[in-house]
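The opening residue of the sequence shown carries number 1 in the UniProt record's numbering; numbering runs sequentially from there.
Please keep in mind that the hints were generated in silico from the structure rather than gathered at the bench. One should not assume that every hint holds.
What the hints assert, rightly or not - Simulated crosslink set (DSS-like; lysine-lysine; CA at most 30 Å straight-line): (1) Lys146 - Lys207; (2) Lys176 - Lys161; (3) Lys176 - Lys308; (4) Lys271 - Lys151; (5) Lys144 - Lys176; (6) Lys151 - Lys273; (7) Lys308 - Lys146; (8) Lys308 - Lys144; (9) Lys149 - Lys273; (10) Lys161 - Lys144; (11) Lys72 - Lys181; (12) Lys257 - Lys160; (13) Lys72 - Lys27; (14) Lys72 - Lys176; (15) Lys72 - Lys151; (16) Lys308 - Lys271; (17) Lys307 - Lys160; (18) Lys72 - Lys144; (19) Lys149 - Lys27; (20) Lys144 - Lys160; (21) Lys161 - Lys72; (22) Lys27 - Lys181.
Note that the structure is predicted; figures quoted are calculated from it, not measured.
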Amino acid sequence: MGTTSSTITGLVSIIIPTYNVGPYITKSIVSALQQSYELMEIIVVDDHSSDDTLNHVVSLADPRIRIITLSKTVGPGNARNVGIRYARGEWIALLDGDDWMDVNRIQYLITMALENNADIVADNVWLISHDNLLPWSTWMDDAKIKWPKIKQLVLEDLIKKDMSFIKPVIKTSFLKSNRLKYPDLPSEDMFFLLECLRCEPNMLVTKTPYYFYRSRLDSIVSNQVRSLRGTLEALMNYQNGTEPNSLVNQVLQNRIKDTQHAIQVRDLINKWKRRDFTSVNETLFNSPSSAIWTLAYLPQAVARRWKKRQVQVTPHHHANALPTGKQ
């Protein structure tokens, strides 16, 4: 696995955790290799994949790529921590193995960080549906987030919106001085960002999207409610260790409510799809709030489906909206 090294000034370490992402990993790594920012290393941490992910990584044969293979599956949070431990960069950038970046992403974010003396920088996110290559929306547009071109993110912002889509670029010294690690929990991105913001960094987010986030079909369909329930349990356990009237507690309480509503809605929709109308009626009778939240959710769901279908039918739909450097 190699050994840890001292930090190299200006170097950006792009950490890519992988687990069974054979069909996607080449595009992800190539997007890192093609960055206009030249001083970088790419650390691929394979979380004991059982498919051909590693073969794709090895075949790229680029000296900037460092490969770490784990002997057992430890989860995405722990895999990221391994990559961070072996990183030599002054900056840490996170990239998932089924996502990709615009060619100018790292250059833009590092420039923004240096010009504003930031500890953490991040960008808006293009939303990609499964195997499409063009986005149907951005995270900020879909979440109806109205921010200036560059916003300083603080802990209070997490009360209003779920920020788990953010893939930050972080100063290594900030991580080390605050002993920050990804937790071994569902929705680890959300908890990690929460812990970062508790340390009061200078964190800047640009509304310009340079990151392409893929929602895979298998991750959408399978065990969605179970995954949300795992997140809910983690949120509640995490909240138990916080002061009742603290800002962190408020953030967690809002995320708990949002997750509970999401579970209610998806559980009801799943029952409807199975044509289990007896269970639907029982749910509506025992939990009228499920009907309220489902009715509130449906217009958003219909609008999202229409946008995704438009991209499939007319692939040029977003062509002019993409940032410079999209290939």
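Tested hints:
Taken as a hint, the Lys146 and Lys207 pair is honoured in the structure, with Cα atoms around 9 Å apart against an allowance of 30 Å. Distance check on the hinted pair: Lys176 and Lys161 sit about 27 Å apart at the alpha-carbon level, within 30 Å; holds. This hinted pair does not check out: Lys176 and Lys308 have alpha carbons roughly 41 Å apart, beyond 30 Å. At most 30 Å may separate the alpha-carbon atoms for a hinted pair to count; Lys271 and Lys151 exceed this at roughly 41 Å.
Simply put, Lys144 and Lys176 have alpha-carbon atoms about 34 Å apart, too far for the 30 Å limit, and the pair is violated. With a C-alpha separation of about 41 Å, the suggested pair Lys151 and Lys273 falls outside the 30 Å cut-off, and the hint is violated. For the hint pairing Lys308 with Lys146, the CA-to-CA distance comes to about 22 Å; that is within 30 Å, so the pair holds. A distance of roughly 17 Å separates the Cα atoms of Lys308 and Lys144; the hinted pair therefore holds under the 30 Å criterion.
This hinted pair does not check out: Lys149 and Lys273 have alpha carbons roughly 41 Å apart, beyond 30 Å. A threshold of 30 Å between alpha carbons decides the hint, and for Lys161 with Lys144 the separation of about 10 Å falls inside it, so the pair holds. Of the pairs offered as hints, the one joining Lys72 and Lys181 holds, with about 19 Å between alpha carbons and a cut-off of 30 Å not exceeded. Only pairs whose Cα atoms come within 30 Å are accepted, and Lys257 paired with Lys160 is accepted, the gap being roughly 12 Å.
For the suggested pair Lys72 and Lys27, the alpha carbons sit about 25 Å apart, so the restraint of at most 30 Å is met. Of the pairs offered as hints, the one joining Lys72 and Lys176 holds, with about 26 Å between alpha carbons and a cut-off of 30 Å not exceeded. Under the criterion of a C-alpha separation no larger than 30 Å, the hint pairing Lys72 with Lys151 is inconsistent with the structure, at around 40 Å. With a CA separation close to 24 Å, the supplied pair Lys308 and Lys271 stays within the 30 Å bound.
This hinted pair checks out: Lys307 and Lys160 have alpha carbons roughly 25 Å apart, not beyond 30 Å. In summary, the hint linking Lys72 to Lys144 is not supported, as the alpha carbons are separated by about 40 Å, beyond the 30 Å threshold. About 28 Å separates the Cα atoms of Lys149 and Lys27, which keeps this hinted pair within 30 Å; it holds. For a cut-off of 30 Å, the pair hint linking Lys144 to Lys160 stands: about 11 Å separates their Cα positions.
For the suggested pair Lys161 and Lys72, the alpha carbons sit about 35 Å apart, so the restraint of at most 30 Å is broken. Simply put, Lys27 and Lys181 have alpha-carbon atoms about 27 Å apart, close enough for the 30 Å limit, and the pair holds.
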